[in-house]
Amino acid sequence: MSKAELTKWALASGRLWLFLDYDGTLADFAPTPEIIETNPRVINSLERLASKTTLRLTILSGRRLEHVHMLLPVSGVFLAGTYGVELLTPTGETIHRVEYTEIRPALEVIKPKWAQIISGRKGFFLEDKGWTLALHARFADDEEAEQILRLARKEIDEASLVGHFHILGGHKFLEVAPRLASKKETVAYLLNQYPMPDARLLYIGDDDKDEEAFPVIHANQGIAIKVLQPSQAARPTEADFFFESPVDTLQWLDELV
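With the numbering used here, letter number 192 in the sequence shown gets 1243, and the count goes up by one each step, no holes.
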């Protein structure tokens, strides 16, 4: 399938529901997740998409909802933060799909232990998203990163969190999150709670968290697109089409409007 054929498919039914990841898909990765730099190019593209009455737009991110909203002050779209635990609807309603007070105590047990594990070590970053804890080792030595993430995983196992939480992995990355912190679960939830009859579904993402949602898209006869990162080029994927970079993504999205 060529890009021209992809565009034709997306517009053929007259109704389209777009699911888009942010980091690595619409914009390049920030040095750390705490850095929030708005991208006017991205905002302009999404505003144009959101203005189309035949198109529904959903942004799904591992970032906190507050951060996603700061990055994308675009009205009329679904914003899903923390993989969809936090949702902002097009009408401005905020939905928390997990009770914060029920999951936070367990994370408070893990947080100081992870902080101690990485204390004094270069290249590591502990991110507290409120609903989840994430340990980033992107700038750490490969061997040391593997060792530290193994120790962090052991702390989760010893705290017996796995039944109520799940573990999100990735390239030099570990996160412990409630089970509903899942792009797969979030896409299924949105399709069920906010049906858009006769719409074609199209998902664009760059990593394994997005990959988990692809089967839901395929079950609804949609198309999944992967933005290839160098570290993931050789990994198996269920994607139907590939973009080379966030720039490539934005250029194609502009073709829709």
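Worth flagging that the hints you see were computed from the coordinates, not collected in a lab.
Note that the structure is a prediction, hence the values are computed from the model and not measured.
All C-beta atoms in this analysis are idealised placements derived from N, C-alpha and C, irrespective of residue type, glycine included.
The reader is advised that the hints may include incorrect statements.
Claimed, not checked - DSS-like cross-link-like pairs, simulated, lysine-lysine; straight-line CA separation at most 25 Å:
1) K1103 x K1164
2) K1173 x K1162
3) K1103 x K1059
4) K1223 x K1173
5) K1205 x K1223
6) K1173 x K1103
7) K1162 x K1205
8) K1103 x K1162
9) K1205 x K1173
10) K1223 x K1164
11) K1223 x K1235
Said to hold, decoys possible - Distance ranges between label pairs, derived from CB positions:
12) I1146 x V1308: 23 to 33 Å
13) G1171 x P1248: 29 to 39 Å
14) Y1245 x T1058: 37 to 47 Å
15) K1205 x K1173: 27 to 37 Å
16) R1066 x E1159: 23 to 33 Å
Each hint tested on the structure:
Proximity of K1103 to K1164 is assessed by CA-CA distance (about 48 Å); at most 25 Å being required, the pair is judged violated. With a CA separation close to 18 Å, the supplied pair K1173 and K1162 stays within the 25 Å bound. In summary, the hint linking K1103 to K1059 is supported, as the alpha carbons are separated by about 16 Å, within the 25 Å threshold. Of the supplied pair hints, the one linking K1223 and K1173 holds, its CA atoms being roughly 14 Å apart against a limit of 25 Å.
In summary, the hint linking K1205 to K1223 is supported, as the alpha carbons are separated by about 16 Å, within the 25 Å threshold. About 46 Å separates the Cα atoms of K1173 and K1103, which puts this hinted pair outside 25 Å; it is violated. Among the hinted pairs, K1162 with K1205 is consistent with the structure: their alpha-carbon atoms are about 13 Å apart, no more than 25 Å. Straight-line distance between C-alpha atoms of K1103 and K1162 comes to about 43 Å, which puts the hinted pair past the 25 Å bound.
Distance hint between K1205 and K1173 is fulfilled; the C-alpha atoms sit about 21 Å from each other, no more than 25 Å. As the CA atoms of K1223 and K1164 are separated by approximately 18 Å, the hinted pair is consistent with the 25 Å bound. Taking the CA atoms of K1223 and K1235, the gap is about 22 Å. The hint holds against a cut of 25 Å. I1146 and V1308 have their C-beta atoms about 28 Å apart, which keeps the hinted 23 to 33 Å range intact.
Separated by about 56 Å at the C-beta atoms, G1171 and P1248 break the suggested range of 29 to 39 Å. The hint said 37 to 47 Å for the Cβ distance between Y1245 and T1058, and at roughly 25 Å that hint is violated. Checked against the hint of 27 to 37 Å, the C-beta distance between K1205 and K1173 comes to roughly 22 Å, which is inconsistent with it. The hint said 23 to 33 Å for the Cβ distance between R1066 and E1159, and at roughly 45 Å that hint is violated.
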